[in-house]
Each structure stands twice: as structure tokens, then as C-alpha cells.
Amino acid sequence: MGWQVGLDEVEAIAIGAGVLGTGGGGSTTIGRIRLRYELKNYSKTCQIIDVDDLADDDLVCAVSGMGAPTVSNERLSNGQEMVTAVHALEAHLGKKVAAIIIGEVGGSNAIQPLIAGLQLDLPVVDGDGMGRAFPELQMDTFSIGGIPASPFLLCDIHGNTVIFDHIDTPLRAEAYARSLTIEMGGSALLVMPVMTGAQVKAFIIRDTLSLARDLGHAVLHARKHQLDAAQTVAEAAGGKVLFRGKIVDLFRRTTTGFARGTMKIAAFQNADDVLEIEFQNENLIAVHNGEVICTVPDLITLVSLEDGEPIGTEALRYGLRVAVLGMPAPKQLTTEAALKVIGPAAFGYDNIPFTPLSL
Amino acid sequence: MKIGIDVGGTNTDAVLMDGRTVVAWTKSPTTSDVTSGIISALKTIIADANLDVAQVDGVMIGTTHFTNAVVERKHLQPTACIRLGLPATVCLPPMVDWPDDLREEIGGHYYLAHGGHEFDGREISPFNEEEIRQIAQQIKDQGITAIAISSVFSPVNTIFETQTADIVREVIPDANITLSSEIGRIGLLERENAAIMNSCLRELAGRTVNGFKNALAEMNITAPFFISQNDGTLMNADFAAEYPVLTFASGPTNSMRGAAFLSGLKDAIVVDVGGTTTDVGVLQNGFPRVAALAVDIGGVRTNFRMPDTYSIGLGGGSLVERDPIKVGPRSVGYEITEKALVFGGDILTATDILVATGKADVGDAAKVASVGKDFASQVEAEIMDMTTIAVDRMKTSATPVPVVVVGGGSILIQKDIPGSSELIKPSHFSVANAIGAAIAQVGGECDRIFSLAEMSRDEALDQAKKEASDRAIAAGATPESIEIVDVEEVPLAYLPGNATRIMVKAVGDLKGS
Chain A
1 MGWQVGLDEV
11 EAIAIGAGVL
21 GTGGGGSTTI
31 GRIRLRYELK
41 NYSKTCQIID
51 VDDLADDDLV
61 CAVSGMGAPT
71 VSNERLSNGQ
81 EMVTAVHALE
91 AHLGKKVAAI
101 IIGEVGGSNA
111 IQPLIAGLQL
121 DLPVVDGDGM
131 GRAFPELQMD
141 TFSIGGIPAS
151 PFLLCDIHGN
161 TVIFDHIDTP
171 LRAEAYARSL
181 TIEMGGSALL
191 VMPVMTGAQV
201 KAFIIRDTLS
211 LARDLGHAVL
221 HARKHQLDAA
231 QTVAEAAGGK
241 VLFRGKIVDL
251 FRRTTTGFAR
261 GTMKIAAFQN
271 ADDVLEIEFQ
281 NENLIAVHNG
291 EVICTVPDLI
301 TLVSLEDGEP
311 IGTEALRYGL
321 RVAVLGMPAP
331 KQLTTEAALK
341 VIGPAAFGYD
351 NIPFTPLSL
Chain F
1 MKIGIDVGGT
11 NTDAVLMDGR
21 TVVAWTKSPT
31 TSDVTSGIIS
41 ALKTIIADAN
51 LDVAQVDGVM
61 IGTTHFTNAV
71 VERKHLQPTA
81 CIRLGLPATV
91 CLPPMVDWPD
101 DLREEIGGHY
111 YLAHGGHEFD
121 GREISPFNEE
131 EIRQIAQQIK
141 DQGITAIAIS
151 SVFSPVNTIF
161 ETQTADIVRE
171 VIPDANITLS
181 SEIGRIGLLE
191 RENAAIMNSC
201 LRELAGRTVN
211 GFKNALAEMN
221 ITAPFFISQN
231 DGTLMNADFA
241 AEYPVLTFAS
251 GPTNSMRGAA
261 FLSGLKDAIV
271 VDVGGTTTDV
281 GVLQNGFPRV
291 AALAVDIGGV
301 RTNFRMPDTY
311 SIGLGGGSLV
321 ERDPIKVGPR
331 SVGYEITEKA
341 LVFGGDILTA
351 TDILVATGKA
361 DVGDAAKVAS
371 VGKDFASQVE
381 AEIMDMTTIA
391 VDRMKTSATP
401 VPVVVVGGGS
411 ILIQKDIPGS
421 SELIKPSHFS
431 VANAIGAAIA
441 QVGGECDRIF
451 SLAEMSRDEA
461 LDQAKKEASD
471 RAIAAGATPE
481 SIEIVDVEEV
491 PLAYLPGNAT
501 RIMVKAVGDL
511 KGS
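So the sequence lines, in the order shown, correspond to chains A and F. 359 is the number that this note's numbering gives the last residue of the first sequence; the numbers go up by one with no jumps. 513 is the number that this note's numbering gives the last residue of the second sequence; the numbers go up by one with no jumps.
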């Protein structure tokens with residue numbers, strides 16, 4: 001069933017997208033300011049449709065930001081990149097886009113498509129290709145399902161649009177897009193994947209924008225009524241609170257493009273009870289006193305113990321007081337084919353098998 | 001000798017310090033003109049210490065005056081913002097996330113221009129002198145003289161902001177100009193917000209700093225004076241008149257720095273027990289550990305760093321309930337001297353409990369004779385539990401650490417807190433703010449993105465440390481006293497090329513101190 005995103009939904013969606021971001025996907029702070037501003041500018045709401053409302057031959061595309069959040073929070077975008085890129089796609093294919101989809105519901109990329117929907121006067125489909133955040137382009141259900149990577153587009157702040165239309169493998173798409181993004185100043189607008197309505201229906205993870213909204217409302221409800229925000233949001237996500245404590249050790253290192261790190265969280269009043277989390281851009285592996293209790297693609301998210309606000313890996317600090325949430329991944333992410341692309345081994349943890357979260 | 005003054009919303013505190021010794025101190029009400037309250041406080045400590053004012057080497061003032069002006073929307077000047085970064089940044093204009101009433105109060109004037117830099121130092125677009133000249137003319141035509149200038153990645157390269165300022169000054173000779181690169185870190189909106197708030201406070205800052213000067217002149221104090229900023233370091237008075245925004249959030253920092261000084265400790269947990277709440281913070285290397293989240297001042301996001309504190313509803317005035325035993329969060333607050341049992345009131349407070357156990361001696365102990373000893377012990381145990389849990393939350397290692405207790409309600413803490421190595425209750429705890437101001441050092445910061453493809457990590461760190469140290473020296477620190485107190489490295493996510501953001505803070509002693 002369709003619904004609308006108006007000013008009252010902004011805060012909830014931003015918080016919920018942060019919870020689904022598992023520490024990555026970029027802060028939603030700029031996104032929420034921008035969505036509020038655009039909703040006021042356009043004096044209308046953004047229409048969200050069910051995936052079944054798409055016709056099989058509809059042209060659909062996802063829009064998202066690519067690059068470093070530190071850059072996109074400083075060098076804010078021009079704002080017209082999505083309109084420019086979608087129009088370029090339409091001209092290239094000789095067909096109008098019927099709806100926008102969300103590529104990645106975790107983090108800032110949940111919000112960009114809503115702004116695109118407002119600017120282009122197009123509906124946005126409830127669902128996405130990740131159900132969380134992942135760092136690379138080939139890590140989504142569309143790519144795993146065999147949807148070709150091209151055509152895809154990158155657009156810079158000057159309005160230059162680059163169309164890639166003979167990409168043979170997802171890895172080539174990732175490599176080209178990443179190096180061009182750096183040339184474009186470390187942050188660019190990406191249109192990918194481009195699909196038919198039938199393809200979207202086959203591979204999308206359904207209703208994840210509704211889920212983000214509901215998780216955000218759970219946090220806001222808990223804050224208002226002084227409930228345990230971590231417990232409330234874990235239940236709303238069908239997961240659980242894995243641990244509560246404070247960050248007592250934080251170790252970061254950079255290896256070929258991706259920030260890797262380990263954090264150690266100690267329980268209150270029992271420093272021997274420790275949860276260790278391996279993270280890259282997202283939180284990936286949770287180890288409780290030596291035992292692996294949650295791994296990617298299941299979701300591991302840190303929220304502030306005081307108010308349930310999700311905490312990104314860029315904001316981690318020694319001494320932060322946190323609750324760690326574990327949430328089961330959508331089924332499409334735990335198939336054998338999917339685990340090859342997004343299981344622990346895909347992130348370099350060869351000796352750790354995917355361990356489904358026990359609830 | 002040094003004089004430290006804390007001008008708060010309610011009280012103006014002053015201390016006279018000789019080296020590490022507090023010679024005299026006083027608390028007096030803050031006056032609406034600020035100046036007469038300071039004069040009255042100065043008179044008291046000068047008389048108490050029988051001081052020859054020629055012996056004063058420096059006066060350090062901490063104030064919430066400018067924060068309050070923004071919160072109350074008072075004394076703010078119409079301001080224009082010029083942002084350089086076109087064609088980037090159009091998606092969110094300056095002041096977009098401000099509360100409407102504050103934006104309207106200062107006029108909401110902004111102009112977008114070409115310029116700005118990429119993260120790696122390339123130009124986003126060339127600087128256009130004629131464009132800036134036209135903008136300056138439009139600002140002049142509106143009669144606006146307060147101008148904030150922001151440019152994308154100006155913490156990496158300040159050239160476009162300074163070029164813009166030069167042109168604006170040619171067109172508007174009496175302009176008061178704030179450059180975002182001089183006050184903020186990476187994060188355009190927050191840095192720009194700080195620059196705009198600074199501009200709109202400049203007139204008030206000029207008047208206020210003059211008021212401070214006049215107060216000192218009236219007392220024949222000729223020593224230089226300084227104003228404390230949010231990171232616990234000082235700026236000289238003329239600098240403060242130009243950068244009032246840097247005083248935001250200096251209060252909690254001064255209080256914790258004062259606690260560090262009074263206890264002589266650089267690493268400790270500080271428990272500040274007030275009338276209604278207890279705030280627990282952490283001292284690391286003599287400075288408060290800072291919070292991760294953005295700080296909101298009067299509804300505007302900034303990236304100033306506030307001490308990371310954890311608050312619980314426990315204070316000297318906390319209400320005590322009998323069955324089941326409960327302490328706080330409700331409190332009689334500042335009315336404790338009328339309402340608590342020991343002061344002749346009829347409400348059982350946490351303070352009464354400690355008198356009943358015989359561990360504290362305030363008011364009239366006879367008035368709590370009816371409070372059973374067993375019950376009082378149980379309540380005291382509950383107070384200790386609450387404090388222990390709060391301290392444990394803030395501790396980051398299992399090793400016992402010293403705990404420093406300050407604040408008006410510190411009689412509540414009478415025993416060692418489990419997990420602490422010792423319990424220190426320094427004298428003069430109630431004027432920790434003014435002491436924190438009196439002992440402050442001067443500092444400098446570097447916050448930049450370094451490419452580790454072009455230099456080694458050690459070279460990048462050395463360069464960042466040198467930049468921070470140079471800034472501290474420029475702010476008045478003696479080179480031999482410079483210490484690096486904070487180093488933070490955050491690799492840029494989702495980008496290859498080993499680009500790393502490095503933030504370094506250096507502090508040093510003021511010349512002549």
C-alpha cells in the first residue's frame with residue numbers, strides 16, 4: 001500500500017536508516033536537513049508506492065551518493081545532480097523513468113531517492129537492494145540476482161554526466177566508478193542499477209523504507225516515554241540487544257581504500273565481559289568473550305545508550321556508552337549465492353563462517 | 001598573582017591565586033550590566049587579600065554572556081554570509097537549519113559565489129574577483145557591516161576566504177568580518193554557522209570586552225586580561241572581541257579544569273554534585289574528555305566540542321522517599337536552605353540523610369533526630385550505589401582511578417567509591433569555574449586531510465603537530481611550554497588513496513605566567 005513522506009516522517013526515516021546503516025552508509029544529518037528543506041520548497045509530500053504497483057515494463061532506476069561522507073558533508077552537492085543524471089539516462093535510452101528506487105536503505109542513501117522523487121515528481125518504491133548498508137556496488141540483491149551493472153551514470157557538481165554502457169562485470173563497475181568519483185572531488189551522484197519493473201519485483205528487498213520509518217518511530221517513541229530505546233528498536237527490527245557497555249579500545253588502520261578497525265566494548269561493572277566488533281566502513285563481526293555471536297550480513301548497529309541515536313563508525317569514540325543491536329538480515333542476503341558476495345569471507349574474514357544470529 | 005572570574009547567568013565568582021594557592025575568593029550576583037557585578041567581586045577579593053593590584057599578572061574571565069545572547073535572541077546584529085563553492089553547495093543555503101526566529105533576527109542574508117577547494121586542494125572553480133565585488137556592493141547597499149565568509153574546505157586552504165575579506169574591506173571599510181576557517185573544523189554547515197553567529201555577536205562582544213576593560217581600569221588593574229574559550233584555553237581580550245563565539249560552552253570545561261587543578265591530577269573522574277544533579281566527567285591529560293555529538297547552541301548546530309558528561313538526578317537537595325527507598329530525581333534545588341529538615345524546613349532531602357548518619361555537619365542536627373539511623377544508612381548506601389554506577393559508566397578501564405568530588409552538594413559523598421583508587425575533595429570546590437579560568441593555558445589546533453600516498457603517516461603527524469604548535473605560539477604560548485594534548489586520526493571512509501583526517505591540539509603556558 002502506498003504512503004507519503006512529509007515533514008513528520010523525516011526524523012523517523014533518518015534515524016531508522018541510521019539503525020539499518022550498521023555504522024556505515026554515511027550520516028543522515030545532512031540528508032534530514034535537506035529533505036526537510038526540499039519538502040518545504042516543493043510544498044508537497046513524496047509518494048511511496050508498493051513494488052507491485054510497478055508495471056513490468058516500467059523503467060526504474062536507483063540514485064545514491066558515492067564517495068566519502070566527510071567530503072559530502074563539507075562540499076555539499078549542487079542539488080540538481082539527480083535531475084541532470086536521470087534526464088541524461090532518459091535521453092540515452094529514449095524512455096521515461098517511471099519510478100525511483102532506493103539502492104541502499106542504510107544511512108544517507110535512504111534519503112537521496114526521496115529528494116529525487118520530489119524534484120522529478122516521481123514515486124519512490126518501498127524497498128531496496130541491501131536492507132542495510134554495504135560498501136561496494138556489487139553488494140546488492142540486484143547484482144547478486146544477475147542484473148547487469150550497465151548502463152550506469154555518475155554525475156558531478158558541475159553537471160557533467162558520465163554514462164557507462166558496456167560494463168561486463170560488477171567489479172569493473174565498482175573500479176571505474178570509484179576512481180572517477182575521486183577525480184570528481186571524492187563525492188558524486190550515482191544512478192545504478194537501471195532496471196525494468198519486472199526485474200525490480202524479482203530481486204528487491206521489500207518494504208525496507210517502511211521498516212526504517214517504523215524503527216525511527218520506535219526510537220522517538222522510546223525517547224518520549226523514557227523507555228529503553230535500544231530494547232524497543234531491537235524488538236521492532238525482530239532482533240535483540242547483543243550487549244551494553246562502553247567503548248574501551250578503538251584501533252583503526254587503513255588498507256587499500258577501506259578503513260578497518262576493531263573496537264572493544266566492556267560491560268558496565270564487569271570489565272572482563274567484553275564484546276569485540278570488527279568493522280570496516282560498517283560493523284561486520286561481533287565476538288562476545290571469544291565467541292562469534294553475529295556476522296555480516298546480519299546487522300550489527302551501535303546506538304547511544306542514552307537516546308537510541310545510531311552511531312556511525314566515523315563517530316566512534318573512546319568512552320562512548322552504547323547498546324549493540326543484532327538484527328537478522330533479510331532472507332535474500334543469506335542465500336549461498338549472496339553469502340559469496342556479502343558473507344564474512346567477502347570482507348577478508350576467511351576463517352569466520354556466516355553465523356546466523358540466534359534469537 | 002592571577003585573578004580568575006566566572007560570569008555566570010546567576011553568580012559572578014572571582015578568585016585570587018598566588019601560584020597554586022587560592023588567596024581569596026567570592027561569589028556575588030551577576031548584574032544586568034555585567035560590569036558592576038565584576039567590580040563588586042573584584043572589590044571583595046582585593047579587600048580580603050589586602051592586595052596591591054600592581055602584583056596582578058593577569059586576569060582571566062570566563063563568561064556565558066555571548067551564549068545567552070544567542071539563546072535569548074538579544075543584542076544580535078544583522079549579518080550577511082558569503083559562501084564560496086559554486087557550483088557545489090547550492091542544495092543547502094547558509095542558515096537553512098536555523099530556527100526561523102533566529103534567522104529572521106539577523107536578517108537571513110546570504111550570497112553564493114564561485115571558489116572553494118576540493119579535499120585534495122584542487123580548486124572547485126576559479127575565484128572571481130568581480131563577482132565578490134558586486135556581492136560586497138549589494139551588502140553595503142543594505143547597510144550591513146557584519147559579514148561571515150565561508151569557503152568549501154577552507155580548513156585545507158584559506159586563500160579564497162582571505163581574498164574575499166580583502167575585497168569586502170575595500171568596498172566596506174568599516175566591515176567586521178569573520179572567516180569560517182578561523183573558528184571551525186571540517187563540516188561546512190557547522191563551521192559556517194559558527195562564523196555567522198560570531199559575526200552577529202561582534203558588536204556585543206566589543207561592548208562587553210570594553211566593559212571588562214573599564215571594570216579593571218576602575219580597580220586600577222593594568223595587567224593583561226584574557227577570556228576563556230570552549231576548549232579550556234585562553235584568548236587575549238582583543239582576540240575575544242573578534243571571536244566571541246569561541247566562548248560558547250566554556251563553562252563546563254572551566255569547571256572540570258578547575259577540578260583538575262584543585263586536585264593536582266591530570267587523569268581522574270570528576271564528580272560534580274550540585275543541588276539537583278550530579279555530573280560525572282573524565283579528565284584525560286588534564287583536559288575533559290569530549291563528547292562525540294554535535295553541540296546545539298540556541299537551536300543552531302555547531303561542531304564545538306563539549307565535555308562528555310553523564311548526569312544523574314542526585315544532588316544535595318534531592319527528595320528522599322521512604323518505602324521503597326528512592327533518592328531524587330525531584331529536588332528542592334536552590335531552596336534547600338529553607339526546605340531541608342536541617343535548615344528548619346519540612347522536606348527530607350539527601351543532605352538531611354548525611355547529617356542523620358553523623359557524617360556531615362550542616363544546619364541543625366537535632367532536627368533530623370527522628371530520622372532513624374538504620375534508615376539513614378540504607379539511604380546513604382543507595383546514594384553510593386547511584387554514584388558508583390555513574391562513575392563506572394564513565395570509566396574506560398578496569399584499573400581504579402582517582403575520583404575528584406566538587407560542587408555544592410559534595411557532602412553527599414563521604415566514602416570511597418568502589419572502583420576508585422582514592423577520593424579527593426579539594427577545598428574551594430564551589431568556585432572551580434573561576435579557578436579553571438584562572439589557570440587556563442593557550443592553545444592551537446590543526447584539522448586537515450592528509451594524503452598518505454604522498455607522505456608517511458609520521459610525516460603527516462609531524463606536520464599537523466607543527467601547525468597546531470605554531471598556532472598556539474601565535475596565540476601567545478611560550479614555545480618551550482608547548483605540549484601536544486590530543487591527536488586523532490580518522491581515515492576517510494569509502495575512498496582509496498589513504499586520505500586521512502588528522503586533528504591535533506597543542507597547548508602552552510602564556511608568556512609571563
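In case anyone wonders, no lab produced these hints; they're calculated from the structure. Think of the CB as a built atom: it goes at the ideal place given N, C-alpha and C, for glycine as much as any other residue. It cannot be assumed that every hint is accurate.
Facing chain A, a subset of chain F residues (Cβ under 7 Å, in silico) [said to hold, decoys possible]:
1. 90
2. 118
3. 343
4. 347
5. 396
6. 400
7. 401
Status of the hints after comparison with the structure:
Checking residue 90 of chain F against chain A by beta carbon gives a least distance of about 5 Å; that is within 7 Å, so the hint holds. For residue 118 of chain F, the interface hint holds, the least distance from its beta-carbon to any beta-carbon of chain A being 4 Å, beneath 7 Å. Among the interface hints, the one on residue 343 of chain F is violated; its C-beta lies about 32 Å from the nearest C-beta in chain A, farther than the 7 Å criterion. For residue 347 of chain F, the interface hint is violated, the least distance from its beta-carbon to any beta-carbon of chain A being 25 Å, above 7 Å.
For residue 396 of chain F, the suggested interface contact is upheld, since its CB lies about 5 Å from the closest CB of chain A, less than 7 Å. Checking residue 400 of chain F against chain A: minimum C-beta separation of about 11 Å lies over 7 Å; hint violated. For residue 401 of chain F, the interface hint is violated, the least distance from its beta-carbon to any beta-carbon of chain A being 12 Å, above 7 Å.
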